[in-house]
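Residue numbers (my numbering), protein chains in the order written: chain A, 231 to 346; chain B, 7 to 120.
Bear in mind the hints are in silico, worked out from the structure with no lab data behind them.
Just so you know, even glycine gets a beta-carbon here, dropped at the ideal spot from N, CA and C.
Mixed in with the good hints there might be a few duds.
As the list claims (entries may be wrong) - Computed list of chain B residues with no C-beta within reach of chain A, every gap over 12 Å:
| hint | residue |
| --- | --- |
| 1 | Thr-33 |
| 2 | Tyr-38 |
| 3 | Lys-76 |
What the hints assert, rightly or not - Sample of chain A residues facing chain B (criterion: CB under 8 Å; computed from the structure):
| hint | residue |
| --- | --- |
| 4 | Gly-272 |
| 5 | Leu-275 |
| 6 | Tyr-278 |
| 7 | Phe-318 |
| 8 | Tyr-326 |
| 9 | Leu-328 |
| 10 | Thr-331 |
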Amino acid sequence: DGGITQSPKYLFRKEGQNVTLSCEQNLNHDAMYWYRQDPGQGLRLIYYSQIVNDFQKGDIAEGYSVSREKKESFPLTVTSAQKNPTAFYLCASTSYPLDITLPEAFFGQGTRLTVV
Amino acid sequence: AQKVTQAQTEISVVEKEDVTLDCVYETRDTTYYLFWYKQPPSGELVFLIRRNSFDEQNEISGRYSWNFQKSTSSFNFTITASQVVDSAVYFCALSRGNTGKLIFGQGTTLQVKP
Chain A
231 DGGITQSPKY LFRKEGQNVT LSCEQNLNHD AMYWYRQDPG QGLRLIYYSQ
281 IVNDFQKGDI AEGYSVSREK KESFPLTVTS AQKNPTAFYL CASTSYPLDI
331 TLPEAFFGQG TRLTVV
Chain B
7 AQKVTQAQTE ISVVEKEDVT LDCVYETRDT TYYLFWYKQP PSGELVFLIR
57 RNSFDEQNEI SGRYSWNFQK STSSFNFTIT ASQVVDSAVY FCALSRGNTG
107 KLIFGQGTTL QVKP
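If we strip away everything but chain A, and leave its shape as in the complex, we get (with noise of 0.2 Å):
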């Protein structure tokens, strides 16, 4: 079956260290993103990358980085400089530019990161 795996599912991070999350796809999606999800609140973008070796901040990116070595992985870095990085992590993917009869975005189960 197609989909998303992000793993872990929960983190512990020390403050002061660097923690890496992953997500890979195997939905041969060429763009995928990293959405940060705060208590109450809607998900906010990341980062996001629409090919590989090339990606973009989105609208909260301190804090944080990436890498697109391989269309399939899209590993997120949460770095001793974001703050405040207790959240939950959702990835997705999505065709580029969206394809009109699948649009939407598919998404992992998310990781849950504390800071400790």
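Model the placement of chain B on the given structure of chain A, informed by the hints.
Below, chain B alone, put in the same frame as chain A:
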């Protein structure tokens, strides 16, 4: 600026009641998509419906129906005869043009009581 507003933060109904979740959007794009997603307690986003900006036809899928009106920039979602399993957070989202970069509303938490 592009924006999605879900004015209802929380809604509580009794099973079998009908409930409408409101969504109002702002965009200057002529081509865009609108979506509704359901987020159960487990956290994953479940896709429910999509509409492109050129298709104002309303849609019904079982107990779910959607009303898209460009004149009022609204894309409302109605659940008929609600059930306890409908309890979740529902998000309305707008694409930025013809890309998958989505702008989400703040979500509406729906609680259906038995």
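Worksheet item: Can you list which hints this structure breaks, lowest number first?
Response: Numbers 2 and 10 - these are the hints that the structure violates, sorted from lowest upward.
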